[in-house]
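Required output: the full structure, derived from the provided sequences and hints.
There are 2 protein chains.
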Amino acid sequence: MATGTSELPELHPVLGFKLGTTSAGIKSADRPDLVVMEIAEGSSVAALFTKNAFCAAPVTVCKERLARCTPRYLVTNTGNANAGTGEQGLLDATQTCSALATLAGVEINTILPFSTGVIGELLPIDKLLAGLPDAFEQLSESGWTDAAQGILTTDTRAKGSSTQFGSDKPVTITGIAKGSGMIKPNMATMLAYVATDAVINEELLHRALTLATEKSFNRITVDSDTSTNDSVVLVATGASGVIIDEESFDSFLENLCQVFTDLAQAIIRDAEGSTKFVSVVVDTAINQSEALKVAYTIAESPLVKTALSASDPNWGRILAAIGRSGIEDLDVNDVQVLLNSVLIADHGARAPSYSEEAGQAAMQPEDIEIRVCLNRGDASEIVWTSDLTHEYVRINAEYRT
Amino acid sequence: MATGTSELPELHPVLGFKLGTTSAGIKSADRPDLVVMEIAEGSSVAALFTKNAFCAAPVTVCKERLARCTPRYLVTNTGNANAGTGEQGLLDATQTCSALATLAGVEINTILPFSTGVIGELLPIDKLLAGLPDAFEQLSESGWTDAAQGILTTDTRAKGSSTQFGSDKPVTITGIAKGSGMIKPNMATMLAYVATDAVINEELLHRALTLATEKSFNRITVDSDTSTNDSVVLVATGASGVIIDEESFDSFLENLCQVFTDLAQAIIRDAEGSTKFVSVVVDTAINQSEALKVAYTIAESPLVKTALSASDPNWGRILAAIGRSGIEDLDVNDVQVLLNSVLIADHGARAPSYSEEAGQAAMQPEDIEIRVCLNRGDASEIVWTSDLTHEYVRINAEYRT
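Chain order of the listed sequences is A and B.
The C-terminal position of the first sequence is numbered 401 in our numbering, with every residue numbered one higher than the one before it.
The C-terminal position of the second sequence is numbered 401 in our numbering, with every residue numbered one higher than the one before it.
Just so you know, the hints here were simulated from the structure itself, not pulled from any lab data.
Among these hints, one or two may not hold up.
The list treats identical chains as interchangeable, and a pair is accepted whether it falls inside one copy or across any two copies.
Said to hold, decoys possible - With a cut-off of at most 20 Å between alpha-carbon atoms, the simulated SDA-like pairs for lysine to any residue come out as follows:
(1) 127 with 99
(2) 169 with 13
(3) 169 with 106
(4) 169 with 353
(5) 127 with 137
(6) 293 with 138
(7) 63 with 129
(8) 51 with 206
(9) 215 with 255
(10) 51 with 293
(11) 51 with 326
(12) 51 with 334
(13) 293 with 326
Below is the structure:
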């Protein structure tokens, strides 16, 4: 189950960034599961990784290498997360990179490995190594759509976004992402790769990545479970010749944020078992921190999420979630709650204007906005989430069987 | 679904504490839903309430009255929580107390009201008032079993515990509780009433209540949702003549803790849709706070809970939960995880001695212990929880329909 459209938009190629995808038999015989990406020399690269202390072996390797040099290749396998695999996991990640370095004729430290899939099982390294040459051979600037498929695990659809902006010399930004469970990214989602042909130095690129991630991948939750493998990589090849500096940064960031938000929302639309796409908006809070606390408490409440799955305007559960979110000196008499613009709760009780029929009607659409007005400040925040369904339980009870 | 036995143990009467139960037609025509309890004059009473900012009307009334005098009567209705009901909710709670005060010939401030059930709908006050005289007439020291039934909502079974201790003049402690969803008590569970015939002053009684609650009702979670109505009341009638002072306090507390823990665990055994009773033990932590953080992160992880429902030893999800629990400077190489005494993870990876068959076998029993050794200190904590099943989703999606 999923919400919204399953169609992938047109993904514009980014000059200087190539992708090659193959089926190495890691996930299942006929599904693409191995993706190599090539970054032109002279590009800038920025990346963010999970804050989970049990980070996967490839995340450890990536962090070490990024501190040393600018990457030239990214290699991603699905079907196995290479997480909780100890020393052997590090050896396997290194061996993968070593094989690709030989193929490409580059230094091993310029290769970043990524893995996603089941945690706690060793990487089927022989299959992976056997598949590398074919993935390498497929490298092409038009490889985005295949790669979007190749990075998926329990996802039911590929996720991508692409934009072009600027009048005389247009700049392109294109990205793909994967993820539909174990989603509460803490710096990045499961995996996302975004490239642009803008010219931008690594300091500015890192700033853009951090700001865009904060408002996109760091504002979604499916099940409050932060993955061990979350990674997002942003590449600027510079091929367009358009220079992004302090002056043009805001416009670049705006377009980047759009691509990031598209990808983050696509993950929620494909959340495991989901039938609703839910925007939790908290406004008139004292500060962003308290707005986020309330938004996440609602977005992660199993009781709110099951009510959403039943299209039940059970606003009492929303009030209860607000009440336990731990914000200081909350006067419940000031709180208002709206469901798709219908005022349902006011002054700590059902709004006088509210009727059960209006609430039922407001809950019918696939897209639901829960808006909470705290009426005590100017800060507002938004978090996107999905509902909790039988299908979520089925998928996650049967995942390894 | 539920785990363990559904049989209620023998509930010893407590001299000076009477209970009367009736069907007022609030919940459904033939189920008991209204309970009155009478506390003998001269008793000590202590109570703790939810920390949810959206606390229910009866909780507000209880807190005000407890500050003024020692209660003589408790009145509890189920089927309606009288929460999120604003001014009218306070009036309804007051009117309930006023009617009981007239019946009993006592001052209104000596009456404490309690409600549990659906949030956000007005109390059917006429039905409640009509039922009061019969409940009052039923008052009896042997009324525990009926009252244990009368306070239930989505619970599938009554919950009670009773103990007697001391050689020449025995002291009795008996209690009942209800709750099976919206359970992460923050000071107390949904509703619990415990009485003893010990002689104990209110200061010591409050200390005993706080300590026992901390290790029982404040160590359970079904769905991380703290209710608006959580209340626990502890009454000491003094009828046994046995005086509890500083010297005999520890022995009294030990017995009280046993009754409280029995009740808290009974709530988890009856957790909505549950098929597993799960003890999450975190030991060798630096302090209790970090032990609790890790324990609750595991106990509330939807991915761990769905794996439990499938009896799947998916220990990768447990590692991922430990890793995101936010404890400082965690060295994952020190962490060990055991499932029902089978070592499954060691040094950040699968234990060399572990086999999938051993893991599968360890997950079969109804009672599961997840033990995490952080190996960095002396503190340990335990949290009890249930699994996340299709049935949980069904119950909570259909709750109001």
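Hint by hint, here is what the structure shows:
no.	hint	verdict
1	127 with 99	within (12 Å within a copy, 77 Å between copies)
2	169 with 13	within (15 Å within a copy, 86 Å between copies)
3	169 with 106	neither (32 Å within a copy, 85 Å between copies)
4	169 with 353	neither (54 Å within a copy, 61 Å between copies)
5	127 with 137	within (17 Å within a copy, 77 Å between copies)
6	293 with 138	neither (45 Å within a copy, 47 Å between copies)
7	63 with 129	neither (22 Å within a copy, 68 Å between copies)
8	51 with 206	within (17 Å within a copy, 42 Å between copies)
9	215 with 255	within (13 Å within a copy, 52 Å between copies)
10	51 with 293	both (19 Å within a copy, 16 Å between copies)
11	51 with 326	between (23 Å within a copy, 9 Å between copies)
12	51 with 334	between (36 Å within a copy, 18 Å between copies)
13	293 with 326	both (8 Å within a copy, 16 Å between copies)
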